[in-house]
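Following the hints, put chain P in place on chain Z, whose structure we already have.
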Amino acid sequence: MPQTILLGPQRPIINLGAAIVEAALPDGPLGVISAGWQEAEGDVDDIETVVERRLVDLRLYQRAEEVFAAAPDLLAAYRARQDRLQALQRLYRLRLRRLLSAARQMLQTREDPSLIEPEQRHAIAQLRALDRHHKRRVNSVHREFDGAFDIDSHELLARHVAEIRGILEPLETVVITGGNVAVLINRLRLFRLADLLAGKNLVAWSAGAMAASESIVLFHDNPPQGRRNPEVFGPGLGLIRRHIFFPNARTRLNSSDRVRMQLLGRRFAPATCVTLDSGAALRFTDGGIAAAAGARQITESGKLRKVRIR
Amino acid sequence: MNAALRRLFRKGSPRNGEIDAFIASSEFPLIDGNEVTFVYRGTADAVYLRCWISGFDTAQPFQLLNGTELWVSTIELPPGSRIEYKLEVEAGGQRHLIIDPLNNVVAHDPFGANSVCQGAGYERPRWTLHDPEARSGAIDSFNVESSAFHEARDTSVYLPARFRRNRRYPLLVVHDGHDYMKYAELKVVLDNLIHYLEIPQMIVALTQSPDRLKEYAGDDRHADFIANDLFPQLASRFPLMDDIKARGIMGASFGAVAALHAAWRHPQLFRRLLLQSGSFAFSDLGRHRRTAVFDPVARFMNTFRDDPGELSGKIYMSCGMYESLIYENRSLVPRLQGQGIDVRFEEVRDAHNWENWRDRLRNGLSWLFPGPLWMVYE
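Taken in order, these protein sequences are the chains called Z and P.
The first sequence begins at 2 in the numbering used here and counts up by one.
The second sequence begins at -8 in the numbering used here and counts up by one.
Isolated chain P, as found in the complex:
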């Protein structure tokens, strides 16, 4: 049992007042070295920890502590880890997924919110927080007429602070761009890293698909949209550097598949790729082991693994160790390196979520697009 709970129970079952005081004076979940103890207080028939990470049971049961309404579950979590979770409370024959009422740290994603457990040693990177000294870039929006999709696609563009038309800028295309802005603080990160001179001033195109599981799954129409619709219209509207090494494309999960597929199908367009927790399903023999939505992904990845084509340049990849996708991501690295591509792969103690992707942006962007900090003294 966790040391703090042992103290609470040292004279037998604590009274409600003692539990109130314990809860008011503690931070949850309780962290004790490598051990993390989740606590739920309430009437229930059963409580489960749900964190959908590879390596744990899908539903970790809580134990009711004697003579109280305190439910606890302890897991081992290595230092520096960060996981997202919910509690599943079963009462009166019904089950409810809730965020942890005792934990104020919450992460948001397109599906809602999760509680966040930050293991010993994890700290949110300073550069992901708003810095009042960093000048703020601007967001511009325009419609991209798409011949690939036969419709207009709303696209946002990040323009760096002090943007000037007489200067030329590197370009980064971001899949799920609006989600990156909303859930991974992309604008704050760009403002900060540009201010710290760790990346150059750059133009960032933020795309968002209305049907990402289809269009991002190795769909040729999407790659053609990027190459034949989006890029020419960006180039005509904004002063972009005429250098393939100054053009990058990125994405997470299915967005990473879309980025890799677009760069592979149009190798003359991008030489810088940032791929986070890519859903790179493949099969060496027979069918892959994932759901049907991965079928087109696996078709593309199997083709790509057979023939990476003319893809070249630098690729930064990251993946959480607590994701089942770690296997596919690890497998892809030697294939890319065998192609002569300069690959940097980062494994972290995190899972498939936006804050994991947020925390890796500095390493990825500053490696792919080194800033002028060595030469600039403002």
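So here's chain Z without its partners, still in its complex pose:
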């Protein structure tokens, strides 16, 4: 049974090597996807030192650059899709800001529980409906792109996909690094990695963990120009279901703001919101968590508690 291991950032604590050993992943070279590092893709010496195995980088970022350079029609269609996705994200944010503000006020209001609790539930339900709607809209833009532009019959792209399949074929484990989550998920989608990774052991951290999940949620409570609202970015590969991952939460999430945390926990339920700080490790087998260290679950009451093993 293939395993999926999700980790927090590999700085300052590097637990990649230990996680692989603990999970007793089979010996042999590892495939690496470091497209999230963009131009620094393939600078994997540090990983090689830690895992003490041969690494084979799939070069998804570089492959995409090569494809875009050689196929202007594909590049134009891809850019048009990205423009539509960005416009959609802006529209979603407009509505999200108001719904979140209202939901926050509802959760802060002290009132007769018989009056306020249904209002709170409804405010959260409206948020969840907007998130679902946005994810559907993002999905539909991806489908439109796939439909309007027949990627499967695109010779150059098909050749790259076949090459990647060939590289992956003898490998039992693939590592996905952190980095820019948008760049990463776009490359993973472009080269059909959801299909190609089936049956492989997967070790992913930070953006890699987000991309492996069902839904990617962008978040940062402490940026220098004022905090932003956590927002659904779109679907991930869906290799791990019913979980949403929040890497480096100690820095990025204001966990002392109980109402904000409560909103996170309730808004994305029944999915479980899980923080992945440096040093954290989660091991999934057969869709359930087999081992957990350092990862925390954001509860519907806004508290952080240990992730339960199921």
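Think of the hints as simulated: they come from the structure by calculation, not from any bench.
Only a predicted model underlies this, so the values are computations on that prediction, with no experimental measurement involved.
For every residue, glycine included, the Cβ atom is placed at its ideal position computed from N, Cα and C.
Computed footprint of chain P on chain Z, listed as stretches where at least three residues anywhere in the stretch have a Cβ under 8 Å from a Cβ of chain P:
1. 181 to 194
2. 204 to 212
3. 215 to 226
Just a few of them, taken from the derived set where beta-carbon distance is under 8 Å, the chain P residues facing chain Z:
4. GLU124
5. ARG153
6. ARG158
7. ASN354
8. SER357
9. LEU364
10. GLU369
Then chain P, alone, in the frame of chain Z:
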């Protein structure tokens, strides 16, 4: 009188041992809400507080406390304020400017050092301190052959950690760059803000003029040096993004004038300006009220105010409320906004000094050059 001093004097004039104990157990200056009390201990004919900030007398006299060698002066200082000062001690017909012997907090600048008074609530920003987790950028140096000045100018360049030739980077040109590094911790700030993903990895050119009061005062040769000498040589040596919105120029005091002048004279070059405590002297009628060194500045600023030309993009400006220049800086904001420029202006309870400029770097840089922190999860 300050509450701690009142307690010291509650039984009359304290003995030397009591004063020793009081000094050993106190932090100076004494902060009590909005009141700051400066203390000097020693034999003197007179003692003055010298802090060269707008709103205070140039020399604030101390009072000698009865039966002691303790001199005190109390001023009102709003919360969050930060001022730099010296003590002027008059004895035997001579006056000496000294840093406060009872205060260990000192700020340095090209003219030496000043004592620092941090009012209630002021805290040095965490991101201005070395973070061992932040990767360190590198400093490269090269000579820029200048056709404008007919000589070579030594220029340093900050290259971000993990710099790669196959990647393209935004560019920031910094006036008084070496001083920014030395007195405003610019390298630490860049390392940290890049590490926190609050600004993108960028290349930062650090220029230093041998005659800044002349060359930075709206001197066309300097603007041409930036545009025709420095920039092309940077572009040929380093992988810069080919996007005007990814190019910025900054400076403080006269350096801010130089930055504005260069961007105005060569509007095709920069769309991001960071101007700190700009010495933007101007006159609406007659001569400006500053010294002669500001004459060329006022000529440029008067011309600029009449016609800002094609200057556009985003400008972050900051100025201390305790600077006389606050008037000129406030006046410039609506003129820039009227030009359609996106201006962010920050007034702070500080004065004309490097630590003020250091403390504003995060707000300015992260607004002009937003980092990828929303999308990057390392």
